[in-house]
Each structure stands twice: as structure tokens, then as C-alpha cells.
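Read top to bottom, the protein sequences are chains P and Z.
Under my numbering, the first residue of the first sequence is numbered 103, with each subsequent residue one higher.
Under my numbering, the first residue of the second sequence is numbered -1, with each subsequent residue one higher.
If you are wondering where the hints come from, they were derived from the structure by calculation, not from laboratory data.
As the structure is a computational prediction, the values presented were derived from the model and not from experiment.
Note that beta-carbon positions come from the ideal geometry of N, C-alpha and C, so glycine has one too.
Do not rely on the hints blindly, as some may be mistaken.
[Unchecked claim] Coverage of chain P stretches by chain Z, computed from C-beta distances (three or more under 8 Å per stretch; other residues unrestricted):
1. 134 to 146
2. 153 to 161
3. 192 to 200
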Amino acid sequence: MPGFPFPGRPGGEHDEPLLDMIIARRALPPDAPQAMHDLARMLAAMAGPAEPGELAGEAAVRAAFSRAVSPAGISSAARRPVRHRRARRSRRRSRSRVRLATAMVVAAAGLGSVFAAYIDVLPSPIQQLAHVAVAAPAPHGSSSRQAATLGTARPVPRKVQPSSRPAPAPRHSASAALTPSEGTNPTPHYRSPFSPSGHRPTYPACSPAPGHSPHQPPKGSPGPSLPPSWYQAVPCTAIPSGPAGQPTLNPYVP
Amino acid sequence: MIGAAFSITLASAQGGDETAFACLFRDLQPALLRYLQVITPEAEDVAGDTWLQVVKGLPGFRGGEEAFRAWLFTIARHRAVDAGRSRSRRPDVPLALTEAADQQPAGPDAAELALEAISTRSVLALIKTLPREHAEIIMLRVVAGLEAADVARIVGKTPGAVRVTAHRALRKLADVAERTGVTQ
Chain P
103 MPGFPFPGRP
113 GGEHDEPLLD
123 MIIARRALPP
133 DAPQAMHDLA
143 RMLAAMAGPA
153 EPGELAGEAA
163 VRAAFSRAVS
173 PAGISSAARR
183 PVRHRRARRS
193 RRRSRSRVRL
203 ATAMVVAAAG
213 LGSVFAAYID
223 VLPSPIQQLA
233 HVAVAAPAPH
243 GSSSRQAATL
253 GTARPVPRKV
263 QPSSRPAPAP
273 RHSASAALTP
283 SEGTNPTPHY
293 RSPFSPSGHR
303 PTYPACSPAP
313 GHSPHQPPKG
323 SPGPSLPPSW
333 YQAVPCTAIP
343 SGPAGQPTLN
353 PYVP
Chain Z
-1 MIGAAFSITL
9 ASAQGGDETA
19 FACLFRDLQP
29 ALLRYLQVIT
39 PEAEDVAGDT
49 WLQVVKGLPG
59 FRGGEEAFRA
69 WLFTIARHRA
79 VDAGRSRSRR
89 PDVPLALTEA
99 ADQQPAGPDA
109 AELALEAIST
119 RSVLALIKTL
129 PREHAEIIML
139 RVVAGLEAAD
149 VARIVGKTPG
159 AVRVTAHRAL
169 RKLADVAERT
179 GVTQ
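Use the sequences and the hints to build the structure in full.
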């Protein structure tokens, strides 16, 4: 409590307000002890203006300041944060570039592998793996075919010996839908143009030319024999009628 | 104390105005040098190092005059501590190899002080006779004009401890001055 004496403590604790005034460089009251006034004068002298010699280092410090604010000095001191910022930014950019390049390489490798799997040029174990993983064609295990495929980048028709060996099972539906003119297989896998559910055929077919038996395929036709129902269902040219309003014989029109 | 013009002076110095920087130097250098003379024998060298550090850190400084003073004396104390460490690592030079005749006595005799008039130098010599901690707190509180909280941060004490120590130091200084007659 300012100004309140503490008689139980040794020393002159009652002078604390005066000491605080000296520290704060405030004027002491006239009735303060002489020792306090002397102390205040001493400390005021200590905090007085510069004496000769105390500013002797000014020239050196000013020279250092000039060096620091000169363009060369600024480049070493003041530009440092900017340089650090630029370095940090370029590090971040190069890191993102590396990530992007890695991602592109991985994506290219993945797409290339899938493509290679679908054109069936991978080694058998890997092709088998791709067959399981991405539904690629199953491996054939024929290195010659792989080599040929690699050389021409086009699937080569496979020669099938007309032997007792059964034809290979179709790998997928696309390979099974062969047209009669494709390949040399004597027993091509035909699919009925009508699906069992009675939908429209996948390709149009017409009846044979006039003079041919509707129940027999034309002679010399390379195509296989078709089921009779097929010919019965397609009795004529199967082209819809023209503008004369003739009834159409198109089997697809009810 | 520069006062109201401090912010303008500081901004000019931060912008590269050498005159403004010189103004800051002239305002603070006397108190800085006197403080360093109390805590280190290499006061002028340490003061030079301190100002070099200030020149480096000046563009990034933010704050008012009180904060600038506290920053300056904090740097000075750190530099003084570093100087003391490097001095302690240096090998001692035998006294016989030094020119003992040219050496001044470490501290002035109290009787000699009594003969001198009150001057900055004599009071500084009187403060040097105090314990180091007391002398430093007097210099920071009274001569440098720092607040108790700033002094507490610099010397690593609580503000209350700084206040108590400052009071004790001032009483002791008054007692020494009365005994030596410096104040007369």
C-alpha cells in the first residue's frame, strides 16, 4: 500500500513511495529526506545526456547501417525472407511435379497393361491374372502366336486342323458370333438370328432368290444349312413396301 | 526519449534513412553504454555488436519506443553474456607479460570518489560497487527507463522481484553514496 509504513520490517520500508518516484523520474516532495534528494540527483546524472566519447562508435554504426540498406546489403539481409519464400514455393512446385509425373507414369503403365491384356500379348501367367482381374481374354499359351501378334499387332486367324479334336470353346460371345465367310472352320458357330425370347435378329436376312426352294439353301452357297424355320420366316426380299401401299412382307412388322 | 516522433523516426530508419537511425543511436547509446559498463568489461565492443544486431533486425521490428528500448537492451544483455563466455574460454595471460603499469584499477576507491564532483562517471563507479544483480536492475529500471515487466523478462525474474530488488539496490546505493560523500 503506497505511503503506508511497515514498522515491523527492518530498514526504511516507509520510503518505498519515494523510491518509486525516483525510479519513475518524478520530482520528490520538498519534505522528503535529504538522502532521497541526493539519490535522485545521482540517478538523474546517470540518465543524463551523452558525455564526450560515448558517441564515438556512431561513425562505425552508421557505416554498418549504410551497408545494410545499400542494394547489396538489402540483398543479403532484407531479401532473405523473400528468397526463403521463393525457395519454399519452388520446392513445393517441384514436389507436385514429381507427384504428377509419378501419377502419369503409373496411369500409363496401368492402361498399357490393360490394353496389352486385351490384345492378348502378355505372358501367360500375367495374361491369366489379367483374365481374372479385368476380364481380359484367357491366355492361350502359344508363344508363336504371341510373337506373331506382337509383330503385326493384329490377331492372326488360327488354322484349325480338320481332325477329330474338338474346336476350342468360344472365349466370349463376340468370338462366337462369326459370320459364315469368316475363317475356314467347317463348323462355324452360328447363332440363330432370333433369340430364344423372340427378339429381332442382329442382322437382316432375306430369303433366297426366286427359283430356289424355300426350304433349301442355294446351291454353291458357302454358308451352312439354316434351319427351315429361318427360311419360312423370311419368304421374300423382306423389304418393306413402297409408297403404293402394298402390304409388306417384312417379317419384322407384325 | 524521443517521444511522439519515435514512430516516424523508426519508420524512416526502417526505410533506410541514415539520419533517422543516427537519431535513434544518439538517444539510446549513452544509456546502453552505461548499462554495459556495469555488466561487462568490454562495454564498447558489446555495444557495437548490439547495434549491428539492431541494424540487421530493424526492418522486421514492430512496436513502440518502450518495446524498442526493451529489444535493444535484451540484445545487449545477450551479447554481453556471449562476450563473457568467450572471455572465459580465452587462456589467461600471466600478469608478468602484461604492462601492469598501464592498467587502471578495476574499481575506483571510495575515498577517491569522495573527492570527485557528481558526474555520470562517478555515479557509474559507485553503482559498480553494488552486487551485480542490484546494479543491473538499477541501470535497467532507472537509466534505461524500462518497465518492471520488461526488466523482469530481461533478467529472468518476476516483476515483483524486480521491484523489491530495485528498492533494495537504491537504498544500498544511497547508503554507499552517503558514506563516501559522493553526493556532497
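Next on the checklist: So is the stretch 134 to 146 of chain P in contact with chain Z by the C-beta rule, three or more residues under 8 Å, or is the coverage claim wrong?
Outcome noted: holds (count 7)
Checklist entry - With a cut-off of 8 Å between beta carbons, are at least three residues of the stretch 153 to 161 of chain P near chain Z? => result holds (count 6)
Checklist entry - Are there at least three residues in the stretch 192 to 200 of chain P whose beta carbon sits under 8 Å from a beta carbon of chain Z? => result violated (count 0)
Checked against the numbered hints given earlier, the structure breaks only hint 3 and satisfies all the rest.
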